[in-house]
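So the sequence shown is numbered by our numbering: it starts at 588 and just counts up by one.
Hints in this document: simulated from the structure, not taken from any laboratory. Just so you know, not all the hints are guaranteed correct.
[Stated by the list, open to error] Each computed DMTMM-like pair below joins lysine to aspartate or glutamate, with the alpha-carbon atoms no more than 20 Å apart:
| id | residue 1 | residue 2 |
| --- | --- | --- |
| 1 | 736 | 706 |
| 2 | 763 | 773 |
| 3 | 669 | 746 |
[As the list claims (entries may be wrong)] The following label-pair restraints were derived from C-beta to C-beta distances:
| id | residue 1 | residue 2 | range |
| --- | --- | --- | --- |
| 4 | 781 | 714 | 15 to 25 Å |
| 5 | 756 | 695 | 17 to 27 Å |
| 6 | 612 | 761 | 33 to 43 Å |
Ideal Cβ positions, reconstructed from N, Cα and C, are used throughout, including at glycine.
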Amino acid sequence: MVIVHKDHDVTVSEFERIAHAVERESDSVRLEYIDGRMGVKGMPDGDHGGILNWLLTMLWPLGPALFLHVVGQGLRVDSYRKGRARPDAVVAPPKAFVGCGEWAPADQVSMAVEVTSYDSDTNQRDRIEKPAAYARTPIPIYLLIDRQKSEMVVYSAPDPDAGLYREIHRYAFGEKVPLPRPLNFELDTAAMLDWLG
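Modelling step: build the complete structure from the supplied sequences, incorporating the hints.
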């Protein structure tokens, strides 16, 4: 995420107007507003999309009650929902975002998913800012698919007041990855070995 504005505070409504205008003019730019910082989120590459498609097929057994949304739905996150994030995917009921507009409440989200990108701000955005914002929301599970480290990181047990997840477990690609409540599901990540290299 490239910092666009840091000299003065941008209000949430200013951010939403800027994001709407920028994204209407460009299909290669997505903006986010996390922890008072507005930034540009890089567009995904082909492997990024392939990983999300793999995850979609893995989560199919969750049944009709939950669905992996991969359309870049914007969420109101962070303390008092003053942040705006575009997770790579979220697990929520199929109709969770119907009628919500561009920035939906995150109260029906069971898990937020990010797949790391190969840009200079991945560490700050995906490993520091996003876990804090999602924990403060609180989203029960944050799954980070970390391509640089070839691992899945499962964040759970959010502590909204502290802005962190109390449980963090790391699994190398190829291992079984248990997703805790409310999903209670195990991911077989053997296919993730195809994305190494």
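20 Å Cα cutoff - pair residue 669, residue 746: Roughly 17 Å between the alpha carbons, so the hint for residue 669 and residue 746 holds.
At the C-beta level, are residue 756 and residue 695 separated by a distance inside 17 to 27 Å? Holds: the Cβ-Cβ distance is about 24 Å, inside 17 to 27 Å.
With 15 to 25 Å as the target window, see if residue 781 and residue 714 comply at their CB atoms. About 23 Å separates the Cβ atoms of residue 781 and residue 714, which means 15 to 25 Å holds.
Hinted pair residue 736 and residue 706, Cα distance within 20 Å: holds, 14 Å
For the pair residue 612 and residue 761, does the Cβ-Cβ distance stay inside 33 to 43 Å? Taking Cβ atoms as reference, residue 612 and residue 761 lie about 42 Å apart, which means the hint holds.
When you check the alpha-carbon spacing of residue 763 and residue 773, does it fall within 20 Å? Within the cut-off at roughly 7 Å; holds.
The structure agrees with every numbered hint stated previously.
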